[in-house]
Amino acid sequence: MTVKLKEVDAVVIGMGWAGAILARELTLAGLTVVGLERGPDRRPAEDFALPSIRDELRYQQRLELMSDNSIDTITFRNRPDQLALPIRRWGAFLPGEGVGGTGNHWNAMHWRFLPDDFRLRTSLTERYGVNSTPATMTIQDWPLTYDELEPYYDRFDKICGVSGKAGNLKGRKIDGGNVFEGARSNEYPNRPVAASEGGLMFGAAASSLGYHPFPAPFSAASVAYKNLYGVTMGACEACGFCDRTACEANAKASAVTTIMPALRQESKFELRTRVFASKLIYDRAARRVTGVLYTDLKTGTEYEQPANLVVLSAFVFTNTHMLLHSGIGQPYEHPTGKGVVGKNYCYQFEAGAAALFPDKELNPYMGSPGGARMIDDFNGPNFDHTGLGFFGGGYLTAISGASPPIGGRFLPPGTPAWGSQWKRETVNWYYHSVRFNTQGSVYAHRDNYMDFDPVYKDALGRPLLRLTYNATDNDHAMSRYLLSKLEGIIKAMGPSHYEMRPRPKNFSVVPYQSTHNTGGTIMGSNSRNSVVNRYLQVWDAHNLFVMGASTYPQQPGYNPTGTLGALALWSADKIRKDYLKNPGPLVHA
Amino acid sequence: MPDDSIARRDFLKGASAASASVALLSVPQTTPAKAADGPGAVKPQDSNPPAQAQGWLTLTMDEVAFFSAVADSMIPADELSPSGTDCGIPVFIDRQLASAWGAGAKMYRSGPFHQGLPEQGYQLSLTPREFFAVGVRATNDWSRHSYGKEFDRLGPAERIAVLKSMEDGSAEIVNIDSKGFFQRLLAITMEGFFSDPLYGGNRNKASWRMLGFPGLPATYADKIDQYRNKRYVAEPQSIADFS
Chain A
915 MTVKLKEVDA VVIGMGWAGA ILARELTLAG LTVVGLERGP DRRPAEDFAL PSIRDELRYQ
975 QRLELMSDNS IDTITFRNRP DQLALPIRRW GAFLPGEGVG GTGNHWNAMH WRFLPDDFRL
1035 RTSLTERYGV NSTPATMTIQ DWPLTYDELE PYYDRFDKIC GVSGKAGNLK GRKIDGGNVF
1095 EGARSNEYPN RPVAASEGGL MFGAAASSLG YHPFPAPFSA ASVAYKNLYG VTMGACEACG
1155 FCDRTACEAN AKASAVTTIM PALRQESKFE LRTRVFASKL IYDRAARRVT GVLYTDLKTG
1215 TEYEQPANLV VLSAFVFTNT HMLLHSGIGQ PYEHPTGKGV VGKNYCYQFE AGAAALFPDK
1275 ELNPYMGSPG GARMIDDFNG PNFDHTGLGF FGGGYLTAIS GASPPIGGRF LPPGTPAWGS
1335 QWKRETVNWY YHSVRFNTQG SVYAHRDNYM DFDPVYKDAL GRPLLRLTYN ATDNDHAMSR
1395 YLLSKLEGII KAMGPSHYEM RPRPKNFSVV PYQSTHNTGG TIMGSNSRNS VVNRYLQVWD
1455 AHNLFVMGAS TYPQQPGYNP TGTLGALALW SADKIRKDYL KNPGPLVHA
Chain B
7 MPDDSIARRD FLKGASAASA SVALLSVPQT TPAKAADGPG AVKPQDSNPP AQAQGWLTLT
67 MDEVAFFSAV ADSMIPADEL SPSGTDCGIP VFIDRQLASA WGAGAKMYRS GPFHQGLPEQ
127 GYQLSLTPRE FFAVGVRATN DWSRHSYGKE FDRLGPAERI AVLKSMEDGS AEIVNIDSKG
187 FFQRLLAITM EGFFSDPLYG GNRNKASWRM LGFPGLPATY ADKIDQYRNK RYVAEPQSIA
247 DFS
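So the protein lines, in turn, are chains A and B.
Mapping to this note's numbering: the first sequence position 313 is 1227, numbers consecutive.
Mapping to this note's numbering: the second sequence position 170 is 176, numbers consecutive.
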């Protein structure tokens, strides 16, 4: 028996970054908004408090903040001819759960994509010719430009209190910042946090090789900061517990630290937690959705919440799954390449390294991810790919902070993993290691996609989403190139030992690699090549907007969240300015 | 066989008593650190009995003996730290396997079950508690078959040889992927050694003292430049110290 509720102006599904932004912006426009969240509420003063929050076992090993696989998961296989099996506990990637979502436990690397990332197909054609990319590489231009998005990047910077140093201010290049970045209208809201010693060593070595190192763009306040929504953030304590953990100091930006404090005061907003949205109710003839079905996990009751406007802002997998389950949009068919829902799944291609410096005292538990130094000389459009045999690239970095004792130890290759010698070596080296990463792009491939699993079901009896994904030849060639450049920098740093860690040929869901999943509900210029238009409005349902990295046509060589927030603000602005006055398709194509 | 099992019961009683008496010499993990000024500080025992004396939540005595032997092989006592058992690792494993995590919380457990490919990850229906129960029994069966006695009754050199043969996969334990089982044994042992003492392992913050990991205070914004290329030294503090 489904209980039908009173209609509201808007429903937001998933109260992570994008959901909180839309809820804030739509209530500011005078709409009544209901936020649906499958996980618990997360209130920093209670849930992220000292001393319990600094618990490596609970948060980093037992994954306290991650979503519950027993309720809902995905199945996985490397190739279309294999049997997909469920991911029974998260490993390679770690989607979050609860208010704030995955944005609670991120490492807060806050990037903008490059101007040419938004016109990828066009720029590769201009530089390398019409047939330069393989036919299997299903990349396309974004339907908006960097310049159009820049004001919203700027606003998101000011919501997050981002710390960093500009390298391109209104077209003027500034040494010490990222000279490759697109023009920024303003400097970062806050100065960079203190650099880690490993970061400074990396920066010096990179400079000696002629590269252009700069401080990490870090989505945390280096000093106390009052943000665009009037919320005050604390200063980063450099505690070393960012990764997989939430911030006790209210310094790391997340929806709960930067938006929810304002939204909780808003009388037009109602938050419903531990509710599982199962389906959008779709009126195919009218090309709109009329509401959302959800099950309250606290009572088992199913509700229908009618709404004039629906924002789907869950994780990549849930967004795609929801459209498939609701019959909205043409599902991607792998054999023919037709259809769009589930198409162009991409998974950030990160590969790392570690090195040991016996003469340095590196206090490995001290610092924040923002203390890193990086170079962007080998990101996608920033270098010539002629003759290299691949496209794309990424940034290189020496990681800062986050070497807690269970997960943060590195020993010279060949050292035993246990016993007396292991113990001696562990003590010898704990203070002397630096870890590195390459954040590689992924240019979509026709064989990497999502559809329904034919066997396994979620807790509501719906078919699970099935992921078919493997690393491509282009990914591996790109990554080998980045690692060769990184190795050059590491050698210039003068370690006693180092180890490069290329990704294995086949992707595995077991070891953690990255939570940067994209695609499935991609944006584009028309309904044949995409699910949503440039305003993230669904072509087939004009009052449905899909937020998040599921809308990226392919993945540039950067962490996705900076662009995710900017796009949410861009979409919200269009809804406020135009859609509410005249509901209907915002793009005719 | 009857004689053997009687002997074994006696042995296990002895092992249990020995570990309890060792525990009496350690600082109970519930002692507030403000009162415990470093290694060797001993508090009166009467109001604060050590964890081992209170019994086991889920482990059988055979499992206690097994995990103790593994912990002491992987983390032998030396000048750097007490043995794995004296650091409380069997207590840690007992509590972890009795926890929601050990019972398979947040784990997708619907069938059908297939072996799958390594890339597809763990595909068994077993919870961590069940997985370790199966693994310990199978390893002891194999040890009895190959060496004539259970793993915990082997000498130090034999234990190391067995663990190495599991680590490289050459131990042909029936119905068990010995390499996979070894990796999970190593992981849970190291978690017990290095996690906050709250969970029963890392007693007296032995591993944190060994590494020079200061634990919780962790407000370093003003210390990064001050301690640049200089080792920061502080008495480690744990969750209990602030609770």
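Among the hints, a few may not be true.
What the hints assert, rightly or not - Below, in silico cross-link-like pairs of lysine-lysine (BS3-like), each with a Cα-Cα straight-line distance of 27 Å or less:
1. Lys112/B <-> Lys1212/A
2. Lys1182/A <-> Lys1212/A
3. Lys1405/A <-> Lys1193/A
4. Lys1182/A <-> Lys1140/A
5. Lys1072/A <-> Lys1488/A
6. Lys1274/A <-> Lys1193/A
7. Lys1140/A <-> Lys1084/A
8. Lys1193/A <-> Lys918/A
9. Lys1405/A <-> Lys1212/A
10. Lys1371/A <-> Lys1087/A
11. Lys1274/A <-> Lys185/B
12. Lys1140/A <-> Lys1488/A
13. Lys185/B <-> Lys1079/A
14. Lys1405/A <-> Lys236/B
15. Lys112/B <-> Lys1193/A
16. Lys1140/A <-> Lys229/B
17. Lys185/B <-> Lys1371/A
18. Lys1274/A <-> Lys170/B
19. Lys1419/A <-> Lys185/B
Source of the hints: derived by calculation from the structure; they are not laboratory data.
Verification of the hints:
| no. | hint | verdict |
| --- | --- | --- |
| 1 | Lys112/B <-> Lys1212/A | holds, 17 Å |
| 2 | Lys1182/A <-> Lys1212/A | holds, 24 Å |
| 3 | Lys1405/A <-> Lys1193/A | violated, 54 Å |
| 4 | Lys1182/A <-> Lys1140/A | holds, 23 Å |
| 5 | Lys1072/A <-> Lys1488/A | holds, 19 Å |
| 6 | Lys1274/A <-> Lys1193/A | violated, 56 Å |
| 7 | Lys1140/A <-> Lys1084/A | holds, 24 Å |
| 8 | Lys1193/A <-> Lys918/A | holds, 14 Å |
| 9 | Lys1405/A <-> Lys1212/A | violated, 56 Å |
| 10 | Lys1371/A <-> Lys1087/A | violated, 53 Å |
| 11 | Lys1274/A <-> Lys185/B | violated, 36 Å |
| 12 | Lys1140/A <-> Lys1488/A | holds, 26 Å |
| 13 | Lys185/B <-> Lys1079/A | violated, 48 Å |
| 14 | Lys1405/A <-> Lys236/B | holds, 23 Å |
| 15 | Lys112/B <-> Lys1193/A | holds, 23 Å |
| 16 | Lys1140/A <-> Lys229/B | holds, 25 Å |
| 17 | Lys185/B <-> Lys1371/A | violated, 31 Å |
| 18 | Lys1274/A <-> Lys170/B | violated, 33 Å |
| 19 | Lys1419/A <-> Lys185/B | holds, 21 Å |
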